[in-house]
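Colleague: The chain contents come next:
Number of protein chains: 2
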Amino acid sequence: MADALEQLKQRLAEVYDLQAVARLLTWDQQTMMPAAGAAIRAEHAGTLRRIAHERFIAGETGRLLDELRSREDSLDPDSDDACLIRISRRDYEKEVRVPTELRAEMARAASQARQVWVEARAKSDFKAFLPALERNVELRRRYVACFENVDEPYDILLDDFEPETKTADVRPIFDEVKAELVPLIAELRDVDVEDGFLTGDFPPDRQEALVKDLVRTLGMRPDSWRLDPTEHPFASGAGVDDIRITTAYDPSELFSLFATIHEYGHGLYQHQLPRNLERLPIGTACSLGIHESQSRLWENLVGRGRPFWRFYYARLQQSFPEQLGGVELERFYRAINRVQPSLIRIHADEVTYGMHVILRFELEQDMINGRVELAELPEIWNQRMYEYLGVEVPDDAQGVLQDVHWSSGLIGYFATYLLGTVMSVQIWHGLVADVPDVEEQIERGEFGSLRAWLGEHVHAQGRRHPPQETLRRAVGETIRARPYLDYLDQKFRRDLAA
Amino acid sequence: MADALEQLKQRLAEVYDLQAVARLLTWDQQTMMPAAGAAIRAEHAGTLRRIAHERFIAGETGRLLDELRSREDSLDPDSDDACLIRISRRDYEKEVRVPTELRAEMARAASQARQVWVEARAKSDFKAFLPALERNVELRRRYVACFENVDEPYDILLDDFEPETKTADVRPIFDEVKAELVPLIAELRDVDVEDGFLTGDFPPDRQEALVKDLVRTLGMRPDSWRLDPTEHPFASGAGVDDIRITTAYDPSELFSLFATIHEYGHGLYQHQLPRNLERLPIGTACSLGIHESQSRLWENLVGRGRPFWRFYYARLQQSFPEQLGGVELERFYRAINRVQPSLIRIHADEVTYGMHVILRFELEQDMINGRVELAELPEIWNQRMYEYLGVEVPDDAQGVLQDVHWSSGLIGYFATYLLGTVMSVQIWHGLVADVPDVEEQIERGEFGSLRAWLGEHVHAQGRRHPPQETLRRAVGETIRARPYLDYLDQKFRRDLAA
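Chains as they are written, first to last, in the numbering used here: chain A, 1 to 498; chain B, 1 to 498.
It is worth saying that the hints were derived from the structure and are not from the lab. Careful: at least some of the hints might be erroneous.
[To be verified] Pairwise CB distance ranges (calculated):
{"no.": "1", "chain 1": "A", "residue 1": "A452", "chain 2": "B", "residue 2": "D195", "range": "53 to 63 Å"}
{"no.": "2", "chain 1": "A", "residue 1": "A498", "chain 2": "B", "residue 2": "A38", "range": "25 to 35 Å"}
{"no.": "3", "chain 1": "A", "residue 1": "P204", "chain 2": "B", "residue 2": "E67", "range": "56 to 66 Å"}
{"no.": "4", "chain 1": "A", "residue 1": "Y386", "chain 2": "B", "residue 2": "D228", "range": "18 to 28 Å"}
[Unchecked claim] Here are some, though not all, of the chain A residues that point toward chain B, as calculated from beta-carbon distances under 10 Å:
{"no.": "5", "residue": "A13"}
{"no.": "6", "residue": "T31"}
{"no.": "7", "residue": "A38"}
{"no.": "8", "residue": "A45"}
{"no.": "9", "residue": "L130"}
{"no.": "10", "residue": "R221"}
{"no.": "11", "residue": "S224"}
{"no.": "12", "residue": "I243"}
{"no.": "13", "residue": "P321"}
{"no.": "14", "residue": "L374"}
{"no.": "15", "residue": "V391"}
{"no.": "16", "residue": "V393"}
[Said to hold, decoys possible] Covered by chain A, according to a simulated footprint, are these stretches of chain B (three or more residues, beta-carbon under 8 Å):
{"no.": "17", "region": "6-20"}
{"no.": "18", "region": "23-32"}
{"no.": "19", "region": "36-44"}
{"no.": "20", "region": "84-97"}
{"no.": "21", "region": "237-245"}
No experiment lies behind these values; they were computed from the predicted model shown. Glycine residues also receive a C-beta, built at the ideal position from the N, C-alpha and C atoms.
Start from the sequences, fold in the hints, and give me the full structure.
Modeller: This is the structure we're talking about:
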């Protein structure tokens, strides 16, 4: 008979196997599955999630965790086993409060709402989506009500994506960012930047060849990664040696380039997670915020920087000589960093991006706390878009209906995008302190030290510790807005707008 | 509280969901997965199969089946519910005898043996494979020993693939086939048929375009099917509206053409299974023999027939004008039907194919009954290949090591290939009786009546009845070798060799 710790590990490994398989099903659905397969796929995904949930919250898990309490106290708290027991207990105590029937209902409602949203967005018809959204929000309120001693209801939702991070921790960071972004955007929006050459004729097959070359150059190993086209780019995978990233090819612009670098950042994190802990909760990603710090670091700090383009611009020009052959590097660099308030979050530049997230973070709290009528969301959305970014929203498809998250029940998720972006600059500083010539290396097309530093300081930590502790161990401090704001000020005000 | 039947259906649906997901993982592994993902994939597949097995053999399943006994007696035995209870009880009573640990060990040993086989075949080194094969055979013997009142040990293995079919049922059929094939092959092997134009330069991209056109023409719906390249063609899928067939493109010949039609036949069967029973055991394929009757019907009765090529040959010539532009239809038809004993089963013509299967069927019984030493398999294989087909086997890679089955623990499987081939002719006759102008329809490129007849008479029966009863309901008789032998005699002796 295996001891309690071994038994716990076996139980958890099975649960994590089921979750990994469910992720692969989602990847398949969005890249490979014939459209008509959606109905049976929903059943399969539901069955996997239900069984995983049941097995995780089974009494036996609780019994093993109880039995391990004294053992845990005797272990070095930083040891893998102590971290495993701690994280598992936290997950278990959270999950066991949620009735399986509520979990199932949340999954079912989200699955139905997603379909409603697709059609509502296509017709730009918020009213058609409203009942499904109301149902999702109502179920989230019931979910929140499963917990006691809550400072703010939104804490519970945020914690699902950014563990041990409270709304009250995030609010001052975002307030500080907002206070500087609003005037910075007002200042930069009128700077005239020529970028007409970024729109035109970019044949998808040449984009595909280019981004495949790009990710190989960054370090994607073909024996353990795939890159496929999809509608909305994402990163997924079944394990550290089975990484699946996706991108989208818009024939009229180079969105695929930055989307692919972004997803490469996510993929590299997954690929460099501790492989000896692969089937255990501490072997997974720490939080969505830490995940996003990796994708945003690659997308922005690397992919929108001069050193990278000094290395790679000639290759890009070769791919699109008609569009870019006559555009010199500096003009291109300025164009891809143009600051211009716009409607769609995923197309926003580095400066305006934060305001898109802050708007959602604020709105979500109002939704959960009942401070707004859901029926009035479009009006409030459009008002705030004008207030924060000075743009007029022409229709709901380009406004409140643009993101998939709420339709999938993902409330509390958006904040992690900006938390990750803020942390990406702190991590970059930590990296530069240890690898002072990293920009010269990038300019030579060498990414090995960059990958290795991230692997050692961030990725290999897995989920042993909560995100802020993970960040502290990587760079010596927890999240601060200042480095991010200074980075924006330096890059966009002092350099580009000078 | 749902009644016992509803509860049983829910339990079974979950088990079938897990099995469908496991099939999709296998498809993914052979078409999409990066090579390094194999290790974690084995864990995921193992977990799915273990959980499916545990949930199926759980005491609760037995309790529900007991509770349903009187209800079953009161139902029309042909009703879906009666069939469901009957089939589930049969599966349960078989499966519950097998210790979970033995199942797990069989799966693990097969997974390991498969890897050993890949390397052994590459080096044509049977000795390297022998220990893994011995382990697989030993575990199959232990599996057989879980059952009582067995006529022949091999019955248990055969029953896994062809339910309610005994070795003693198969033996006389195969003996009758063998008695006619041996002289027929001897007679036809010396007939000179020109087929040099079937070997040469067939660019894979043009093959791919052609077979995609072909399956669309036969009736593959793009919203619910996929066709992808792989090393060894197979058909799979996650449901009736998620059908995945695969093929392989050899740049020097047209293997892909017949492989694709074959897999199309399997795919169509899956696609036309009763969709209201999709997540239940009676909604699946009846047996591997019935499955193969469908693939062989499309491959041989349709795909190697004159009517089809009268319709499609011009399209083929357009794809490969250098190879086939100057070859008239009848020469092509004779070439694709050339009878020539050869080494590899999957490349065998219609006449010699049966002997490849009979050889394996006989050998497997000897292996399981301990009548041969496994170490002597290559020698026995080569001897019989000479005796049955008159060919000399130059090495084990082209001999005893050619098939993947034994390495995957699939003993008892081969027979279904010939059972299906024999039945395919009986089904064809049934079809022609109801659709007398089917050949004219095929010649016009119309496949709708053919698909509909198979759908109604074979596919829609699902697994309500055992294979012979399914055949009897489709065509009014159970398996007989005579129609198949008459078909071969007519096509190859009276027509082609005349």
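Colleague: Would you pick out the hints that fail for this structure and give their numbers low to high?
Modeller: 2, 4, 9, 13, 14, 15, 16 and 20
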